[in-house]
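Engineer: Sequences are here, hints too, so could you generate the full structure?
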Amino acid sequence: MQRINKGFIISSTTLFKKNKLFYSALCNTQITHYNSSIINCSVNNREIDRNDKLPLSHLRVLDLSRVLAGPYCTQLLSDLGAEVIKIEPPNIGDDTRFWQPPSITVVNKENTMKENQSGYFQCTNRNKKSITVNLKSKNGQDIVKKLIEKSDIVIENFKVGSLEKFGLDYKTIKTIKPDIIYCSITGYGQNTSKSHLPGYDYVMQAKSGLMSITGGKETEPFKVGVAISDVMTGMYAAVSILTKVIEKERKKQNSDEFNNNNNWIDLSLFDCSLAYLVNQASNFLQTGKSPKRIGNSHPNIVPYDLIKCKDGFIVIAVGNDNQFKRFISVITKDNVSSFPDIENYLTNKERVQRREKLMKQIEDITSKEFEKEQLIFALDEEGIPCGPVNSVEEALNDSQTVERNMIWKYKQRDDLNDIKVVGNPIKFLNEEKEELDLSQFSQPPPLLSQHTEQVLKEIVGASDEDITTWRREGTI
86 MQRINKGFII
96 SSTTLFKKNK
106 LFYSALCNTQ
116 ITHYNSSIIN
126 CSVNNREIDR
136 NDKLPLSHLR
146 VLDLSRVLAG
156 PYCTQLLSDL
166 GAEVIKIEPP
176 NIGDDTRFWQ
186 PPSITVVNKE
196 NTMKENQSGY
206 FQCTNRNKKS
216 ITVNLKSKNG
226 QDIVKKLIEK
236 SDIVIENFKV
246 GSLEKFGLDY
256 KTIKTIKPDI
266 IYCSITGYGQ
276 NTSKSHLPGY
286 DYVMQAKSGL
296 MSITGGKETE
306 PFKVGVAISD
316 VMTGMYAAVS
326 ILTKVIEKER
336 KKQNSDEFNN
346 NNNWIDLSLF
356 DCSLAYLVNQ
366 ASNFLQTGKS
376 PKRIGNSHPN
386 IVPYDLIKCK
396 DGFIVIAVGN
406 DNQFKRFISV
416 ITKDNVSSFP
426 DIENYLTNKE
436 RVQRREKLMK
446 QIEDITSKEF
456 EKEQLIFALD
466 EEGIPCGPVN
476 SVEEALNDSQ
486 TVERNMIWKY
496 KQRDDLNDIK
506 VVGNPIKFLN
516 EEKEELDLSQ
526 FSQPPPLLSQ
536 HTEQVLKEIV
546 GASDEDITTW
556 RREGTI
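Numbering (this note's numbering) for the sequence shown: 86 to 561.
Please keep in mind that the hints were generated in silico from the structure rather than gathered at the bench.
It is possible that part of the hints are untrue.
Derived DSS-like pairs (lysine-lysine); straight-line CA-CA distance at most 25 Å [claimed, not checked]: (1) K214 x K445; (2) K336 x K138; (3) K259 x K333; (4) K230 x K256; (5) K199 x K496; (6) K377 x K445; (7) K410 x K138; (8) K453 x K410.
Structural biologist: Put into structure tokens, the structure is as follows:
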């Protein structure tokens, strides 16, 4: 996608004159580039019509999930065009709204609502409509059921059996909406001896074995720096939901009914955590030996590690024998024969067997001969995978982050900080490599109950009198 020089505003007609699809999609949009690291989207109509412009714009998702795994899934669906209605408890909302500091003050476009919104909540809730409904009340349950009648997908992460008392479990919902796609995320699945237990990412990282292989040889076990079990479960949820969407649409084309008995997606945080053990799990299944913590090293590939330079560390990922020869050529400055015992390291198997000795010989050279940037430049020239160990700040300010438009910003009024989030990495291109930029359709994370009246009137068909009554009795 074309980028715009600092300080300029360019109309969508000019920007996408070569591509009718992009022009029609963005005909009401202006794009401004205020600085070197942020692409800002200024939309004339803030509630921009997403119909027919994004691939999932024909889907409506009712999101009963909280915290991370479920919201991560529904944010991905909403980025791709699905209408996501987030159901939250009145006056409380999603737990992560209050996981702060940090937080920033957020207002709605009419300046009638205001809240301190946490960074955690903002990372997984853009493009959603927030409505508050008391699921313990009969009227609240009826409201949700009416929404389900007009939805395609339901996602929830309540403890097993909890929704039965509200009449919102899959068995009950299927009688209301036979072709509903229903996704449940729990700690241990619907039908195991541990199904009654809660599911938390930290616990899953420990129980799945992930922590046992994370950290140095002499350190205590470490968790990953983000809630990776939740994130991966959210990804599996999105894949499984879209699989059912495709099946449903295929059967519709063939005039087949979709209301079969396996449209309930049962996802377990524990299962998903095991699934992403990938090669480490396979190593055990082949040998019967449990993998150990080896720090930044790779159990099956050498050198694939942190290496020391004169001014700090970089990482290298030498994935095959040919890359290894080129790597040695770089660090010996084309004098490969000078590398000690080079004939003992020509295959990966040999390098794995002699890991410690090889890594010491490599660092004896790199720690004396190369600064970080110098070595990275030389390795890049030879196509050897490598990189600096960035801080989060360095990564988010990296030129690659800017070029790929990976920071999305939502403009607020002048006396408030703008909302900034990491954007969706999916890029849709045409043959000219022009991008259908998802950020141009994006809306900021909602304030609590921001869309309650709108959704109840437009989808449920509620009157002003209904809404007043429901507010008075604590239903919404």
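Engineer: Determine for every hint whether it applies to the structure shown.
Structural biologist: The hints, checked one at a time:
1. At most 25 Å may separate the alpha-carbon atoms for a hinted pair to count; K214 and K445 exceed this at roughly 55 Å.
2. Taken as a hint, the K336 and K138 pair is honoured in the structure, with Cα atoms around 24 Å apart against an allowance of 25 Å.
3. With a CA separation close to 15 Å, the supplied pair K259 and K333 stays within the 25 Å bound.
4. Note on K230 and K256: the hinted pairing holds, with a Cα-Cα distance of about 13 Å set against a maximum of 25 Å.
5. Restraint check for K199 and K496: satisfied, since their Cα atoms lie roughly 15 Å apart, inside the 25 Å limit.
6. With a C-alpha separation of about 21 Å, the suggested pair K377 and K445 falls inside the 25 Å cut-off, and the hint holds.
7. Using a Cα cut-off of 25 Å, the hinted pair K410 and K138 is violated, with the two alpha carbons roughly 49 Å apart.
8. A threshold of 25 Å between alpha carbons decides the hint, and for K453 with K410 the separation of about 20 Å falls inside it, so the pair holds.
The structure fails hints 1, 7 (numbered hints given earlier, in ascending order).
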